Amino acid sequence: MRRALPVFLLALSAACASSSTRLQDDPFERATADRPPSAQTLHAMARLLAAQGRDDECEWALHRLISEDPDFAPAYNDLAELHLRHGRTAEAAASLEAGLARAPLDPVLLNNLGMCELQRGAHARALERFTQAVAASPGDARCRANLALALGLLGRLEEARALYLQVIPPADAHHNLAIVCEARGDARAAERERALEAQLRSRGAP
Amino acid sequence: MMSMRTTLVCAALAAVLCACETEQKAGELRGTAAMRSGEAIRNASIERAIVSQRTLYPFHFVTGSAELNELGRRDLGVLARHLSSAGGEIVLSQGSADDALQGARGKRVVAVLQELGVPNDRAKLGDGLPGGDGISGARLVKILAAPSGSIGEAPSVTGGSGRGGASTGGGLQ
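Protein chains in written order, with our numbering: chain A, 76 to 281; chain B, 105 to 277.
Hints are computed from structural coordinates only; laboratory data are not their basis. Values in this document were obtained by computation on a predicted structure and should not be read as measured data. Glycine is no exception: its CB is placed at the ideal position from the N, C-alpha and C atoms. Just so you know, not all the hints are guaranteed correct.
Just some of the chain A residues that point at chain B, by a computed CB distance under 10 Å [what the hints assert, rightly or not]: (1) 149; (2) 202; (3) 203; (4) 206; (5) 210; (6) 212; (7) 214; (8) 216; (9) 233.
Isolated chain A, as found in the complex (with noise of 0.2 Å):
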């Protein structure tokens, strides 16, 4: 039994080194990799809480993390998301635009500013904050579409088309278009759109 004994340490080891190699490869891990332990383990724990629903307590985490680790923007992201959560919309922005503050050019904490400010209404700043984080990630299809989302909603349809096509199949793109009509009021044009998808459906376009 004794001699069993460094076998199952070899074992074990070949196992941690699969596993480290994992975690290093892991962007969430990347990202965490480089902070300070306390800040690596707040910002665990939050994402902890979170997924375990105690809000309150992951609120507490990601303010206190946000105060250790300015720097650190996914904890802004974090936030903004756990206010969302609770319709808490214009603290959302406040959190994204924090950070924004600290990293000006982060396309995820642009993109979800984007998205707050659709969410408020505000179309035509949704569609600033979009263009930057196209800027910054050019080939992030989402920050297109939603770049695209904006234009729809501002009535700027041709532009909106040309950036849903650069990222989806022509069908879908006017099946959003015509989603994007709807929400406008603008059943004719949604009527037309929804033509043109069914057009391209019935030549068996994806």
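Once you have looked at the hints, place chain B on chain A.
Here is chain B on its own, set in the frame of chain A:
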């Protein structure tokens, strides 16, 4: 004795399996490498669509100004890279801009193209409208083909490009 032998065999198998997993993972694109690869593919796909549309829209400019915003400079850079050798045309969609602003934007685009390395004598603001007289508003910026490039004429932009109100568009085809 039998039990100890079984334990030893199990442990040895576990060690071998762990090592196998590590080897297998090392061959895959993971972490930063995988992220960069994915990002490169997404960028290439979006750049292809930008080149296919060959159009600068009002959202590429600072609101009410002739100045390109960061996104406008970035997308114009994509077009400049693509068109600098073969030549071609970039459509400027007018949107709600008046003629004066639209003209200023055209001049600014030509200037930025020169900043981006397109020679002075090869980027020009076009006189005509794309698609003929029936389409209002849009202007063209023409980039002439490089002398050492292709022998044929510079490719022209035809139809599509998201100009029409009910166009089925020609993005990611």
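A quick look at each hint next to the structure:
A hinted interface residue such as residue 149(A) counts as satisfied when its beta carbon comes closer than 10 Å to some beta carbon of chain B; here the least separation is about 16 Å, so the hint is violated. A cut of 10 Å between beta carbons decides the hint on residue 202(A): the least distance to chain B is about 7 Å, and the hint holds. The beta carbon of residue 203(A) comes within 8 Å of a beta carbon in chain B, closer than 10 Å, and the hint placing it at the interface holds. About 5 Å separates the beta-carbon of residue 206(A) from the nearest beta-carbon of chain B, less than 10 Å, and the hint is met.
At its closest, the beta carbon of residue 210(A) sits 4 Å from a beta carbon of chain B; the interface hint therefore holds under the 10 Å criterion. For residue 212(A), the interface hint holds, since its Cβ comes within 10 Å of a Cβ in chain B; the closest pair sits about 9 Å apart. A hinted interface residue such as residue 214(A) counts as satisfied when its beta carbon comes closer than 10 Å to some beta carbon of chain B; here the least separation is about 4 Å, so the hint holds. Because the closest C-beta pair between residue 216(A) and chain B is about 6 Å apart, less than 10 Å, the hint holds.
Interface hint status for residue 233(A): upheld, as the beta-carbon distance to the closest one in chain B is roughly 6 Å, under 10 Å.
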